[in-house]
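With these hints in hand, go ahead and build the complete structure from the sequences.
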Amino acid sequence: MAGLATVFGSGAMSNSVAEIERTDALFVIGSNTTENHPIIALRMKQAVRNGAKLIVADPRTIPLVKFAHLHLRHRPGTDITLLNTIMHVIVREGLEDREFIEARTTDFETFQKNLENFTPEYGEKITGVPARDIIEAARIYATAGRAGIYYTMGITQHSMGTDNVISLANLALLTGNIGREATGVNPLRGQNNVQGCCDMGCSPNVFPGYQSLTDPEVRERFEEVWGTRLPDKIGLTASEMIEAMLAGSLKGLYVMGENPAMSDPNTTHTLEAFRKLDFLVVQDIFLTETAELADVVLPAASFAEKDGTFTNSERRVQMVRKALSTPGRAKDDLWILGNLTARMGFNHVFESIRALGYKVPEDNDAKQTIMTPEQAFLEAGLLWPGIRGMTYQRLKNGGIQWPCPSQGHPGTPYLFRDSFPVGRPAFRSITPTESDELVDSDYPYVLTTGRILFQYHTGSMTRRSKALETVAPCPFIEINHRDAALLEILDEDPVTVTSRRGTISLIARVGDRVGPGVVFIPFHYREAAANLLTNNALDPICKIAEAKVCAVRIDKVGPTA
Amino acid sequence: MPKGVTVNVCMGTGGIAGGADEVLAAFREELSRNSVEGRVLEKCAVHQVGCRGFCARDVLVDITIDDERTTYQYIRPDMVKRLVSEHIIGGEPVADWMVSDEYHRFHDLQKKIVLADCGTIDPEDIEAYIDAGGYRAITEVLESRTPAEVIDEVRRSGLRGRGGAGFPTGQKWELCAANEADRRYIICNADEGDPGAFMDRSVIEGNPHSVIEGMLIGAYAVGSDSGYVYIRAEYPLAVDRLRLALDQARAKGFLGPDILNSGFSFDIKIKLGAGAFVCGEETALIASIEGERGMPRAKPPYPADKGLWGKPTIINNVETWANLPPIINNGADWYAGIGSEKSKGTKVFALTGKIRNTGLIEVPMGISLRDIIFDIGGGIEGGRLLKAVQTGGPSGGCIPQQHIDLAMDYDNLLAVGSMMGSGGMVVLDESDCMVNIARFFLEFTQAESCGKCTPCRLGTKRLLEILTRITEGEGRKGDIELLEDLAGDVRDTSLCGLGMSAPNPVLSTIRYFRHEYEAHIHDKHCPAKVCRKLLTFFIREDLCVGCGMCRKACPTGAADGKPKAPHHIDTSSCVKCGACYDVCKFKAVLKE
Amino acid sequence: MISLTIDGREVSVFEGTSVLEAARILEIDIPTLCHDPRLKPFGGCRLCIVEIRGMARPVTACTTPAIGGMVVTTTSERLYRLRRTIIELLLSDHPNDCMVCARAGDCTLQEQAYFYKLRLNRFTGEMRDHDRVDANPFIKREMNKCILCGLCVRVCDEVQGVNAIDFAFRGFNARVTPPFEKDLDCEFCGQCVAVCPTGALTGKVWAGEARQKDVKMTDTVCSYCGCGCNITLHTVRDRVVRITSRPDTHNRGWLCAKGRFGYEFINHPDRLKTPLIRRKKGGNLEPAAWEDAFDLIAGQFTRIKEESGPDALGGLASARCTNEENYVFQKFFRAVIGTNNIDHCARY
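Chains as they are written, first to last, in my numbering: chain A, 1 to 561; chain B, 1001 to 1592; chain C, 2001 to 2348.
To be clear about the criterion: a stretch of chain C counts as covered by chain A if any three or more of its residues have a C-beta under 8 Å from a C-beta of chain A, and this derived list gives those stretches:
#1 2154-2165
#2 2182-2189
#3 2218-2231
#4 2249-2256
#5 2262-2269
#6 2319-2330
In short, the hints are calculated from the structure, not lab data. Don't be surprised by glycine CBs; every beta carbon is placed ideally from N, CA and C.
The structure is reproduced here in structure tokens:
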């Protein structure tokens, strides 16, 4: 998100899912939408039926390709070159939106210069996509009345992830495809409440609502409402925490509802870091790989056992409602956090907001530290105008998309209509960099990772569903049939896959979903955890690890034919 | 020797089935063996020609010597030698093999417009069509008429769709042309599915260019650049000839871009049907061309508004298209002068059933059934009495003998509970059981229902079950009323023409032959002695010679007796299979 | 806008509106079995037939576009009889096993049979016997209960774009089937299950679970991906017995295999039910009381904070938890612990 926030001043889907149907051209890059966001993919298919042109850029022949007018199968890690080449063509053919560029952006001249060398021929050489396809993609995107960009981890989980995102933003700015209905730059969020988690300030540099914690005015407001002094030093990102754990400077960690021991790249490295911790608390609904390492494991509530809100990919805040009681002695997370707050001697949770003149329900005297979901939501709204106009009452029917600053406000289906938070966004010249780890004679294949339709994330939920597990029971590696022939590997053959960081065993799926030289492994399976292989090299800005590109070797198991 | 000799061999599917290929080859061989060609002054040609309708007499051969035409029937390859030596070389026609008066009577009352050139020109040679005046109509239209004028001509001719419903063709074109659209389509429906019907097949086999020219006229009139012929894959000869004709027309510049330098472009694709009866229904046909399962779509919207790929589409059947060149050539007034008040022109029928002369006929609208059956058709086979005529294909109705003087046109047929359909005509005599006839047709329509709509899928099934039980002696009191109720509901609620008309055989037979139903149900008796389960088989002692054939044929041992002595049938073990009846050479086995 | 009269009442609608949609604006109830406003009209079941002045036969309201000045009648003796015959025909080829059918009480066919008081059937006859068992783990296909409304075929084509099933065969043998009558092999989104008006398509995951009685419905949000689909949890006491989605939501009632069928984790025996404490390094995790767990955490956090400062502590929040929990979690670290070492694993 850092990339988008840098360019526009806000990092979220600029537009809404429902608008996709009204788009004239869709550019889907680094998103296997059908398998990862099945319901958003339905809107894309509908758009195609309605006459929109669909361009899919992906190293794999993902299911969405069936509906695409154009499939750009670029080499993993060459997104920037691909995008710069597309923009080169747009400028060369005079298809850019001059009016928009002049009225709403800055720094176009230098940016334009930077594109000069990215001819389609050069683009073809680097990305492997035929020059004519790149040209056609440029024309489709630039000449459509309304064109939208949709992306996910295929763009972000790279050592140059931020630059990838900025390039997409450049593309939208170049053609004026932002700030209007059915256009935009749209990161599709991978988990049910990533958006909300970010919105709520679970980042080391910002308070809820992306408000900078180094801004004294902002900090004072939070101190006032929270009734305590707050640190002004930017904290550690998740990946930096891993390094700090290894270095011994981070001694205690509290993990709420995540499974980094499985989901983070380079698992061996991650596990080593966790083992170095002095004290680890994990709060979850299952004994995950991470929980197994903990000193204290706290049983929490699943989504079906609590009230609250989730914010989906399109910034829609929606009601989550309690349908069940928690099993055994498990408790909902707010109860747990409230109790811990008290144990830590922080007993004035409600004092300050009451002092500010806000009504606090009777059953919460000053001493009590457990917030109800509604109280927490209202307090967050007090501090972040983006959701200030929302109440549980208003959210009852279908939710509201932020920003929604006041009670009468209907919410915001698409952002930046009149202005950008940064004022006039600047074009930023991006020079392609190579992925951190490139193939060589020892590790000749590029491994890319991702999800499949029938499993989810680290599998703690889906692998406990019999039906899902029946249709997608085991880990596999997708290999192009040409590579498989060279390696004498047949479909369903067991193989081992080795990177500089580890080895896993799984079965081969031979076909043409990936191109030659590229292999794909889903990361859901602990018995062959793809993240044992992946690289934890970080994007220098937003510190996302490069889960999407690393170099591996493939060996056939057993006697060769 | 004569100046010119032309041998025309009937090479429709019927002729070929009768061995026309070999006959044609034999003529070629015999003529060359006798070096006839060298001796004839101007031309000596052997042609294949299309079907002239009288398939019962195939292989039919015309030998024309200096404009004197002689027609032979039932010709086999081994007869060719004599025809060549006696008739062509010797100049003496072979009287034994010439067609009889009946052949001429078969043709005398016919009026051939659509089939005019079928049987006289070589369907595989575009020049033959052009020599016969072909492509004159489209040339004239492109040179001197506006689309609106063409539509007006067609409207004034009174031509109505020959596919069954009889919608005025000119009006359909007008509706289509009036729609705003970037593209319009022309479709020729050649998915002829009625059992026993072969009108469209014969036209395409005998004169494919007339259909192409008709489509060209239609395309120009409504502004279409793209047409389809949807034809059943079971018509291989027609498909081959059509394909050849399209190639020839393209080569001659009658199809493709900028036809005859007029700026008008049009081309035709062939789409093969996979044998579903319902694909003859226009919306199902369109779905099939689009690559979908052939299931009808609700109307409105009609194809003229939203047809193929959602564009305005003209869909007419083969016979309709073939009528257009003559209408343009001879004018609307000429055409409107033929036929009855509301049904103009001619209609092609496939005449089958209990009739002497089966075959394909083209008659002016308004002709009486009597003329068709007793003059053209030569009356009922075996001198039995006419009972009814079933028209309109499997979902048509039965017209009883008392309406024998009915003038055949769209409206009269509807009035008596039947329909024109695409032109099937089955003659039924006193040996046909009307309940069984209804059951037979229901069996067909039920099997061919696409399954999309409830009344057709399940209603026809239940109708069939009730009819079946009646013919098997299990009929119940109230079944006739139940049939009437259900048949009416199926007719009123079905989605497409198939379901709407499928009850026709039931309703029309109940209307005119209710007593037969009653006999089956109440008396457990089949008056026509057709429904075997209602029959008793017995042997007349005075006729039985004791040959033992019935005993050998009987699967249950019910037919028994000593050799040379009269046999008997034990009714308790008889399963009424009829095997004894079929094998008895002395007509001693009777059924009652 | 055009206006037409339905049952004597005038209504104005946009051009292109069907007669059925126009009637629904007036809240006139026309029965249907094959219609879903989210899909293209089909006109197969024939139940929505209406009479239109000037038209000889009844036409289906779902497929007939409204035309200005149209005069429509939706109920008459004749229409009643025709509709009743249609339902009677459907029932003549439908197993009479509502007692043990998963859809009892939630079945459109059953409801219509009830409205039309169909007890005896005039048309008893042969019944289909599609006894083939589909071994896929998600969707139970009992094709004897299929009324060929085509909703499943259409949703699979028009919405999901998968085309895993279609009509095959003709006449009485017509049926909906995967290619070559094999087992279903598709995305298992279950959209077909959601639109099926009878018990022909049901979820194997909820086979044998409570149908209507004692079932509590809770509208909430799916906990898988970022689509944020609205779902309705069907629960009996503390068990999830089924998940559905209402059509009037932003996801229009569509879900994926995970969202629709992947709920077993909620009541899974593996769920953590008690706090666990590792009393000494290298030891095992043992069940403990909440008090002990809180004491231990508070003690250790306080110790680390005192020894190494608040920045020696960190928290990883969750993209799986609610906004409220994440809010309170980061507040806990910033306000209570005093560090900004707060992040989450899914920074994307």
